[in-house]
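There are 2 protein chains.
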Amino acid sequence: MLSREELLRGTRRLASRANPKIREWASLHDRRIRKELGQTLAEGARLAGEALSAPGGGRFRPMALLLSDSGAERPEAERLFSLARQSGIDCYSLSDDCQARISSLKNSDGLALVLSAGPEPADFARLLALAGARWLIAAGVQDPGNAGALARTALAAGFSGCLFLEGVDPLSPKFLRGGMGASFRLPCLSRNIREFLAAWEDVRGRAELVQASANPAGGDYRSEKYPTPLLILLGGERGLPRELAGLPARTVHIPLAGGVESLNLAVAAGIVLFEANRRHAGDFPAADAVSCRKSGVAPRGILREEPPARTVSARGEVNSPPASGVNSGTGGLRNS
Amino acid sequence: MLSREELLRGTRRLASRANPKIREWASLHDRRIRKELGQTLAEGARLAGEALSAPGGGRFRPMALLLSDSGAERPEAERLFSLARQSGIDCYSLSDDCQARISSLKNSDGLALVLSAGPEPADFARLLALAGARWLIAAGVQDPGNAGALARTALAAGFSGCLFLEGVDPLSPKFLRGGMGASFRLPCLSRNIREFLAAWEDVRGRAELVQASANPAGGDYRSEKYPTPLLILLGGERGLPRELAGLPARTVHIPLAGGVESLNLAVAAGIVLFEANRRHAGDFPAADAVSCRKSGVAPRGILREEPPARTVSARGEVNSPPASGVNSGTGGLRNS
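Going down the list, the protein sequences come from chains A and B. Those letters in the first sequence? Residues 769 to 1104, per our numbering, in order. Those letters in the second sequence? Residues 769 to 1104, per our numbering, in order.
Bound conformation, chain A alone:
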């Protein structure tokens, strides 16, 4: 255990709320600014740790570790510092007042990571139709917590990525938190509906489109087939946006008892995605994460913690690993 002085040696001190850095980081809660700067925030020790240690980190690259005076007292601080220094990024020591200016959390633990976000791949249509690909297409999801839970669920179900059509911003700090680090392992893209419809024209005939729907006229999710490449289309809190109603999708539904009209969005996604997963090439498919690594950025982090994942660069090169071990996960049920 390092002393506080040893811990903070070499950090830069920021103690004024008017400091331009503080103002810049605080502005990352604004979607427009995130897009302009190509940056976002991972708030909290756990999420920051995930970002620093996830293999590859997806499109995200750590830029700066921020540690408030209270945060520096936390047991997690030392490990984060050590990971940050291995990554060669700047560390900042912030007054609690400055930290409060930056944080969106009610009970912040005083630890945060500034991330640069690489551009989304331009040719996402190609990713959707890759052999073996399974994507969740979530249209009009508004709540970043719901969207984050969808990403985490898709990753756990062995899906290749999440595409959000309108609604949430996958760069939002609240989305990153809701996903508990899923964004660092799973490509989470966003497009508007028009762009998706154009891509669909390109992909149709090569990928299967299945809409998870409230309509009991659709097939029972338990008896349907889920061949790959598979796109599972899910409407948001207010259902499927009208512009997507005309798509030639096969629909599946979950029969509900007790007069229940609908399930929580992530619960419904969990049931359908895990059903698709169990049907996919036997009951225990290998992890199938496709990470859209920023082109030109060298792999980072502790790859040996993870089975090798097939990666897709922003330029679209596919790097298939040798046949990897099955990652059947730890089957956790604890967190919410």
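Heads up, some of the hints might be wrong.
One copy or two, either will do: identical chains are not told apart, so a pair holds if it fits within one copy or between any two.
As the list claims (entries may be wrong) - Straight-line alpha carbon distances no greater than 25 Å define the calculated SDA-like cross-link-like pairs of lysine to any residue that follow:
#1 K789 / L805
#2 K993 / P788
#3 K789 / D891
#4 K874 / G1007
#5 K874 / H1048
Everything labelled a hint here was simulated from the structure, so no lab data went into it.
Chain A is already provided as a structure; the job is to place chain B on it using the hints.
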């Protein structure tokens, strides 16, 4: 469409925040007061409507409809008034200021229902071991939104009830909202761990206890059996309370891909409960809601909207309906 005057005819007007009724209703956000008074609040037009029209209403009985000046302008107000008058309950017209005193919601729609809550059945151990019963036992769940989502999921999966061990209060207005009305159709009980362990001594050998766990040493949820009477035990946000670790439960886990350590609580419950449901007497079991109706209270509401449910009174009488139609539900995926 009634005029505002016609709508409010016969209501009682409350315009002072100091009015004892206003103070009493505002205090229903306090767990201790709810228990003392045996009352709670259903906030919002949708939930109030569910409470007024759910068959039986479980242990809840409407006491008073509260309508703020802004709420009276909403299109839902007329239907609620009409339902409230059919139920013969009092209607109150509140100033917006009084309504704000009562509501816990950021964006209240100005409509709320005061409910009396009947006592929980004393002999709940008996309910757990009823033939065909399937209960979700959720231990240490803290967040009322999570708990509500669990109740809604259990109802949709054809379960007989939810038993919360410590953690949330099933009378909490936030829990009622999180469940989107599930509480009015599904018994949601709460006990402390000691009481449950005592009940378990009574039930063991007659019911199957299955713990949904993060431990991959447990059986794969897809290959396990789920015979009834079935108790599925689930830990809360921080895992299973230590006092329950020694129970002789069979454990099941959900294999997770992508290095994900755990799923959102309601997502995990959804996957396991729907799996148990599909194994139960074929793929399309009838709704199996057991409603703990307050003894002596006549059925209420629109029974024809629902398949007849087997009901259990607080005294423990079981009223089995004639074999009912299959309620395969509407398979909704919309709300969160």
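- Query: Which earlier hints can't be squared with this structure?
  - Reply: 2, 3, 5
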